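K.L.:
Kindly generate the complete structure, drawing on both the sequences and the hints.
Top line first, the protein sequences correspond to chains A, U and R.
Everything in the first sequence is counted per the numbering used here, starting at 1 for the first residue and increasing by one.
Everything in the second sequence is counted per the numbering used here, starting at 1001 for the first residue and increasing by one.
Everything in the third sequence is counted per the numbering used here, starting at 2001 for the first residue and increasing by one.
Calculated from the structure, these hints are not laboratory results.
A few of these clues could be false.
[What the hints assert, rightly or not] Short, incomplete list of chain A residues facing chain U, as computed with Cβ under 7 Å:
no.	residue
1	Asp4
2	Ala8
3	Leu10
4	Val19
5	Asp23
6	Val50
7	Thr62
8	Ser97
9	Ser101
10	Leu104
11	Leu139
12	Glu150
13	Leu164
Computed from a predicted structure; not experimentally measured.
Positions of the beta carbon are idealized from the N, C-alpha and C atoms, including for glycine.
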Amino acid sequence: MALDAVLAVLVVGVAVWTVAARDTFAAVVGFVAFGLLVALIWVRLAAPDVALTEAALGSGLTGGLLLGASTRLGRTEAEATGELPGGLLQFAAATVSVLVSAGLIALVLLLPEPAPTLAPKVAANIAATGLQNPVTAVLMAYRAIDTLLEVMVLLLALVGMWSLAPDHLWGGAPGRREPADPDGVLTFVAQVLLPVGILVAIHIFWVGSVAPGGEFQGATIFAAMWILATMAGLANTPPVMRRSLRLLLIAGPAVFFAIGLAGFAIAGAFLAYPADYAKLLILIIEIPLTLSIATTLALLVAGPPEQEPQR
Amino acid sequence: MSIAILYGLCSAVLVGLGLFALITHPQPLRKILAFNLIGSGVFLLFGVVAHNGAAAGFGGDPVPQALVITGLVVAFASTALAVALLLRLFQETGRATLQSDD
Amino acid sequence: MSLALDALTFLAVAAGGFFFLAGTVGLLRFPDTLSRLHALTKADNLGLGLIVLGLLFQMEDPFAALKLVAVWLLTLLAGGAVTQLIAHAALGGRSAGVTT
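P.N.:
Put into structure tokens, the structure is as follows:
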């Protein structure tokens, strides 16, 4: 309990610092630290699957994305601090925020006792999925439609991002080409870390059926390894016109959707799995899905096409 | 005070803090950051509800936990799209501000 | 036997915590970037190593113990590399690898 109190105070303190920091770059660094501390809270709340996702995606990839953006914006960020709103607006904003917080605090204190829960239902039906990790079972079986729609959202976000490319760059590779430096520290780290990281990603993905982990956490680590390789200049991002890239992006959602449709014929409902083959079907979905999610996440970090297409 | 209530209070403060920053920060990137703070607060509230729903041998209700994982991924996707829009705005105008030209 | 192991764990983790504290004090008190980095990485890498060592005494599964050691080694690699990159950037980016 003392640990929890310290953690809660630290998280709020870092959040205040993130909001109050004058320099945007410093604020983003604060946000990364904030994300890691929030991951610890998730562990304390008995949600290790969420903790892994928060640390890898909420803190790591989001942090990298925002750091990149803040270095690109650079000076304009500092100039824009002069446009602070007037005292009246600040006061109104503070009032609204305090009211929202107070309402949420009231809700937290009035949470029903005993709490409504779906855990017994998950426990009663988990055997049918062949999985032992309840969170993966929810993601891949009971609420598979959420997961399917979520990967569609990821793809749509990528399409939206690519459509921001200027006309003359359409079809080119996303992001800037980083120069390779064979003696550089980053190159060394990338070369040492890539095989280890890929192994960790496969491990996290594979244990997701029985222990904390799963396709999103594994895919995030895959994506991070690929981003590291491009940052070190060991690999360039693929041109967005490349057919194999497009296939990789849609393979996961397509297989997911196809098996979901097949559920009408073999199990009587969309995304229903026949009991004997549930685990096999989930695995058939998960492998291409992990590769598609990893590619999408990495390309979302890379940004819209910025390199001249080769014609 | 249970840890659920403690972290519930923490998440409520985070939402308020994020909302304040979202309204008052003039820089769009800081607004995106604030939006992520609000998101963290909302997700933690889900986590508290999940923790209260611990039953059947699970440390928490797995359904809200799975929803939070979905939410984290979607929050990342929207953040990435927002950052791309912002950088494009900067490329076009040389400024990164939401103020209209005077 | 387990009492002796607990005592070893306590000693190692306490020593690790001390080094973390020393590293953090250095980070906050030292005047320039390079000496701050020096304090941070030296002390924290040793501190983490001691904490991992302390936890090893409590491990029954050798595979889990191996994972702990892997965590320490990966942190050493990442910490060392990031320190190098920050130091290069602090010196004015005089290396082709740190143009960002």
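K.L.:
Checking hints one by one. Is serine 101 of chain A an interface residue toward chain U, by the C-beta closer than 7 Å rule?
P.N.:
Holds, because the Cβ-Cβ distance from serine 101 of chain A to chain U comes to roughly 3 Å (cut-off 7 Å).
K.L.:
Once the shortest beta carbon distance from leucine 139 of chain A to chain U is found, is it less than 7 Å?
P.N.:
Result: holds, 5 Å to nearest chain U Cβ.
K.L.:
Hey, does the glutamate 150 of chain A contact hint survive, CB to chain U under 7 Å?
P.N.:
holds, 5 Å
K.L.:
A closest beta-carbon separation below 7 Å is what the hint needs, so does valine 19 of chain A meet it against chain U?
P.N.:
holds, 4 Å
K.L.:
Double-check valine 50 of chain A for me: the hint is only fine if its C-beta lies closer than 7 Å to a C-beta in chain U.
P.N.:
At 5 Å from the nearest chain U Cβ, valine 50 of chain A passes the 7 Å test, so the hint holds.
K.L.:
Go through the hint on serine 97 of chain A and say holds or violated, using the shortest Cβ distance to chain U against 7 Å.
P.N.:
holds, 4 Å
K.L.:
Do the numbers back the hint for leucine 164 of chain A, that is, is its least Cβ distance to chain U under 7 Å?
P.N.:
Cβ of leucine 164 of chain A sits 5 Å from chain U, so the hint holds.
K.L.:
Hey, does the aspartate 4 of chain A contact hint survive, CB to chain U under 7 Å?
P.N.:
holds, 5 Å
K.L.:
Does leucine 104 of chain A pass the interface hint, meaning its C-beta sits closer than 7 Å to a C-beta of chain U?
P.N.:
holds, 4 Å
K.L.:
So, as I understand it, the hint says threonine 62 of chain A touches chain U; can you test that by seeing if any CB pair is closer than 7 Å?
P.N.:
Where the cut-off is 7 Å and the nearest Cβ of chain U is about 6 Å from threonine 62 of chain A, the hint holds.
K.L.:
For the hint on alanine 8 of chain A, just tell me whether its beta-carbon gets within less than 7 Å of chain U.
P.N.:
holds, 4 Å
K.L.:
Hey, does the aspartate 23 of chain A contact hint survive, CB to chain U under 7 Å?
P.N.:
violated, 10 Å
Checked against the numbered hints listed earlier, the structure breaks hints 3 and 5; every other hint is satisfied.
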